[in-house]
Every structure is written in structure tokens, then in C-alpha cells.
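K.L.:
Below are the chains, spelled out letter by letter.
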Amino acid sequence: MLFIGMQFVIWSVTGAYMVFFDIDYIHGDSLIVNHQTKIQPEKLTYPTQTLFQQYPQAENLSVGMLINREVYRFNIDKQKFMLDATNGQQLSPITESSALAVAKHFYSGDGEVINARLITENPPFELSSRHLPAWRINFDNFGSPALYISANSGKVVTKRHEFWRLFDWMFRFHVMDYDDGENVSNWFLFIIALLAQFAVLSGLVLTYFKVIKPAFTNNKKRGNSATFNGQDKPLNNGGES
Amino acid sequence: MMFWTKKIHKWASLLIGLQLLIWVFSGLVFNVIDHKKARGNAYRQAPAASEHRVAEKDLLPVESILKAYPDTVELTQTKLLAKPYYLLTQQQGLYRHFANRYLLINAVTGELTKVSEQLASNIAKASYNGPGEITSIALLTANIADYPKQKNPTWRINFSDDLETSVYVEQGSGRLVGHSNSDKRFAGFFFMLHFMDYGDEGSFNNIQIMLFAFVTLWLALSGGIWTVHMVRNGRYRLKASR
Numbered sequence: 012m013l014f015i016g017m018q019f020v021i022w023s024v025t026g027a028y029m030v031f032f033d034i035d036y037i038h039g040d041s042l043i044v045n046h047q048t049k050i051q052p053e054k055l056t057y058p059t060q061t062l063f064q065q066y067p068q069a070e071n072l073s074v075g076m077l078i079n080r081e082v083y084r085f086n087i088d089k090q091k092f093m094l095d096a097t098n099g100q101q102l103s104p105i106t107e108s109s110a111l112a113v114a115k116h117f118y119s120g121d122g123e124v125i126n127a128r129l130i131t132e133n134p135p136f137e138l139s140s141r142h143l144p145a146w147r148i149n150f151d152n153f154g155s156p157a158l159y160i161s162a163n164s165g166k167v168v169t170k171r172h173e174f175w176r177l178f179d180w181m182f183r184f185h186v187m188d189y190d191d192g193e194n195v196s197n198w199f200l201f202i203i204a205l206l207a208q209f210a211v212l213s214g215l216v217l218t219y220f221k222v223i224k225p226a227f228t229n230n231k232k233r234g235n236s237a238t239f240n241g242q243d244k245p246l247n248n249g250g251e252s
Numbered sequence: 154m155m156f157w158t159k160k161i162h163k164w165a166s167l168l169i170g171l172q173l174l175i176w177v178f179s180g181l182v183f184n185v186i187d188h189k190k191a192r193g194n195a196y197r198q199a200p201a202a203s204e205h206r207v208a209e210k211d212l213l214p215v216e217s218i219l220k221a222y223p224d225t226v227e228l229t230q231t232k233l234l235a236k237p238y239y240l241l242t243q244q245q246g247l248y249r250h251f252a253n254r255y256l257l258i259n260a261v262t263g264e265l266t267k268v269s270e271q272l273a274s275n276i277a278k279a280s281y282n283g284p285g286e287i288t289s290i291a292l293l294t295a296n297i298a299d300y301p302k303q304k305n306p307t308w309r310i311n312f313s314d315d316l317e318t319s320v321y322v323e324q325g326s327g328r329l330v331g332h333s334n335s336d337k338r339f340a341g342f343f344f345m346l347h348f349m350d351y352g353d354e355g356s357f358n359n360i361q362i363m364l365f366a367f368v369t370l371w372l373a374l375s376g377g378i379w380t381v382h383m384v385r386n387g388r389y390r391l392k393a394s395r
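As given, the protein sequences belong to chains A and B, one line each in that order. Start counting the first sequence at 12; every next residue gets the next number (this note's numbering). Start counting the second sequence at 154; every next residue gets the next number (this note's numbering).
I should point out that these hints are in silico values taken from the structure, not numbers from a laboratory. Hints should not be assumed to be uniformly reliable.
[Stated by the list, open to error] BS3-like cross-link-like pairs, simulated, lysine-lysine; straight-line CA separation at most 30 Å:
| id | chain 1 | residue 1 | chain 2 | residue 2 |
| --- | --- | --- | --- | --- |
| 1 | B | Lys163 | B | Lys210 |
| 2 | A | Lys91 | B | Lys236 |
| 3 | A | Lys91 | B | Lys210 |
[Claimed, not checked] Chain A regions said to be covered by chain B (calculated; three or more residues, Cβ under 8 Å):
| id | region |
| --- | --- |
| 4 | 16-25 |
| 5 | 100-107 |
| 6 | 120-134 |
| 7 | 144-156 |
| 8 | 162-173 |
| 9 | 198-210 |
Note that beta-carbon positions come from the ideal geometry of N, C-alpha and C, so glycine has one too.
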């Protein structure tokens, strides 16, 4: 127990954190308002035929909303574009004030915006590089919530708060991956878990001989049913031995 | 203090000893299994590209589609069996596996398309490169054991192969949810044990695991204190015993 006791404490603390906090809350689902704003077809006054003339390479065209404005989104090679569907004006990449407006539109919590930052390279661990470039909007509230808005699609690509960041750390400690938190198949975990298996087995044997068996034999001697006192006595004795 | 530490340790061990064994054992299983196999994609292949694709500008214009089907939150494009379709999201969940409502429109003919049993099995076949044939098709609406988080009606297409592959196709969108097979179910069984997810909800936030986790905390902390106590009292004497 000297060798792996610490890991048992880490497993139980990190495991408890992960099961007590609802995973949807951890994922920040409650930070977001799931708007169901409908597209108004009569607003699509910029014809897509014109769009395809202006952008012949446009692919994967979609129609959606940017807050309350109908927009066309499409790709040219890997690059994402967004146009105002009423007049064809290019909206991508969005300005800081648009990013702020989008973030406030979707943010469900309290607190004002602290700052906004455009991330174009070297994203933090919590933002996948495929979402770049993206605006990070930080809000002043419990748990330091942040929304990430894609600069080219104007969509919320992800959200984070401290509870999720802490969860990621908890997971890493739980699987003993002190490297990048992605790998459960590491040798360190294997050796410790193997030792832990022996420790738990020996603990179970101890529990049987020190807790279960004394309680059972004591009850027999007394010749009565398992009253609370009858079980409690041998436990105390065992505790002192 | 040590009296209570030992007492807590004993009671806690009595309550959760067996579960602790299961936790450590299933944890070891995750550590040693082949994670590639456990994804269940042994017989999955990328769908074939279309031979002669229609240029996007020659598809039905999205303006007329949206006029015909108002109440749409988003219109996107998708391909089913290499043919272009418009996917109209009428009710949008936060994630794809949350409840969503879709309309599927053939982008060439404008026909409103339902993902029928036939279409679903063709989509499944196009994603499958194993030796099996389709043995059964069923529409599942809730409690999908292989995909417990999926909240949308989904076709399950079973294949007769050595791995008992099942392919899942979402009814609303025609999206290939994924493949599952005996290797994946083997890992899934241990996840169920590890998460005490006896209701197959695909979640580790259930009441029984919270209770056990709470008691485990007491067991581990009391054990930790006990160990420190024993070290201080010189109960771990390796050198002395030599």
C-alpha cells in the first residue's frame, strides 16, 4: 500500500469528481442558448446563381443564420466563406464586434465580456486547430466561461469553463497519463493497476477475515440474529488488533 | 483519530470491496485491449465517390427549396449513396446525437426523401466491406444498446459475419451513425461495469456510482492516513528485516 496508496487516493478523488458533475454540465451545454431561429426564404434576395458566377469554385453551400441575418456559407478549397444572403456582401472573416455580438447572442450565463482575442495559430489545448481562425470571448463569471467563435463561419465552435478544464486534468490523473491525456495504454498505468489488483484482492481477504468472519462467528456464539450490536462488537475488536 | 480511521476503512471495505475489484480489473482491461479493434470498424469502408458528380450550381436552387419548406433552421448538403441531397434541419439539437428533426430533399429532383428500410440497408452496404450478408433490419427509437447516447430514431442493419457487425443509419438524415461489432461490445461491457451503468444509459453520472464513489473516497483517504501512520510508527521496515 505504500507504493500505490497514493494512486488509490488519486483514483478515488478524480473518479468522484467525474461522476459527481454531470457530463453535460462539464461540457458547458448550459452555457449555450440553443436558438431555433428560422430562415426566412424571402430574405434570400441575393440569388445563388449569382453566387456561383462570382465564386465558381464554391463548394458545399449551406444556408443558415448569423444571429438574425440569413447567410450563405461555402468553401473554396479548405477556406470557409460567409456572405450576407440579402446582398452578397462578404462577411468572413467576422470583425471583433460581430464576434462579440455572436458570443453574447449564444451565451446563457451572467457576467459581461472581459475580452476578445483572435486566435490564428498555436491554439490552446481546448481548441482543435481545425477551427482556426477563431475568436475567444471570455466572460466574467464563476468558472471563467469562454466561447470560441469561428472567424469564417461565425458559428460557436466550442465552449469551455473551469469545470471542463479541471475534468480534463482529472481524467489525465485517472488514467495516469502525465504526458498528453490521450493515452490509456501506458506501461505506468499497467504496472500500477496490476499491483492495485493484488492490493484489492488482499484487502478483500482481510475484510473477510477481519470483518465478515468475526461478525458471523460471534453471532453464532451468542446464538441470536444479526442485531446491530452483535455486528458492531467484533468490528471494534478487530479495529484495535 | 486512528480508531475512527480504521473503523471507517473497515466499513467502507465491506461495502465496496467487490466493486473496487471490478473497477481495477476493468481499468486493467482498458489498459491492455486493442483500442483499434474496440472501435468496431473492422469492416467499415469510406463510401465510394460518385463517378459523374453534378456541379453544385446545377442543383435545385436553395431559395426555392427553402420557400417550399419553411421553418428551417439550417440547410446543408449531404450525400447518400453518392447522390446529392439537401438536409433541412427543422429542429436543431446542441449535438447531432441529441434530438434533431430533419427533412431530406433530393437536390436534383426536389423529391422529399424518407430513409426507408431499403435506402438504409443500401447506405449500410456501401459502408461495409466484410464477408457477411444482411440478416435483419430494425428501426430503433430508444435505448440503442450499441449507441446509448443516440437520441434519434436509427436503423440497425445486422450482418452475418464472424464479428456480428451491426451498422447504424439515422432515419432522419441518412447519416451513418457507425459500426459496432463483438469487439466493441466486449469493451462496452467493461465500460458498463466500470461506470456501473447497469441501465445502459451511456453515462457515468448515475446514482449508484455516486454513492460508491463517495464511500470509496472515505476508504482511500482512511487507507492513506493509516499508511502514513504506519510509516511514522516504523511499521514499514525493509532494511531491518534483511
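K.L.:
Look at each hint and say if it fits the structure.
P.N.:
Each hint tested on the structure:
1. Between the alpha carbons of lysine 163 (chain B) and lysine 210 (chain B) the distance comes to roughly 73 Å, so the proposed pair goes past 30 Å and is violated.
2. Pair hint lysine 91 (chain A) plus lysine 236 (chain B) holds up; C-alpha atoms about 23 Å apart against a cutoff of 30 Å.
3. Distance check on the hinted pair: lysine 91 (chain A) and lysine 210 (chain B) sit about 18 Å apart at the alpha-carbon level, within 30 Å; holds.
4. Using a Cβ-Cβ cut-off of 8 Å, 7 residues of the region 16-25 of chain A lie near chain B, which meets the minimum of three, so the contact claim holds.
5. Under a criterion of three residues with beta carbons nearer than 8 Å to beta carbons of chain B, the stated coverage of the region 100-107 of chain A fails, only 0 such residues being counted.
6. As drawn, the region 120-134 of chain A meets chain B at 0 residues by the rule of a beta-carbon pair under 8 Å; below three, the given contact is violated.
7. Coverage of a stretch by a chain is defined here by at least three residues with a beta carbon nearer than 8 Å to that chain's beta carbons; for the region 144-156 of chain A and chain B the count is 0, and the condition is violated.
8. A stretch counts as covered by a chain when three or more of its residues have a beta carbon under 8 Å from one of that chain; for the region 162-173 of chain A and chain B the count is 0, and the coverage is violated.
9. Coverage of a stretch by a chain is defined here by at least three residues with a beta carbon nearer than 8 Å to that chain's beta carbons; for the region 198-210 of chain A and chain B the count is 6, and the condition holds.
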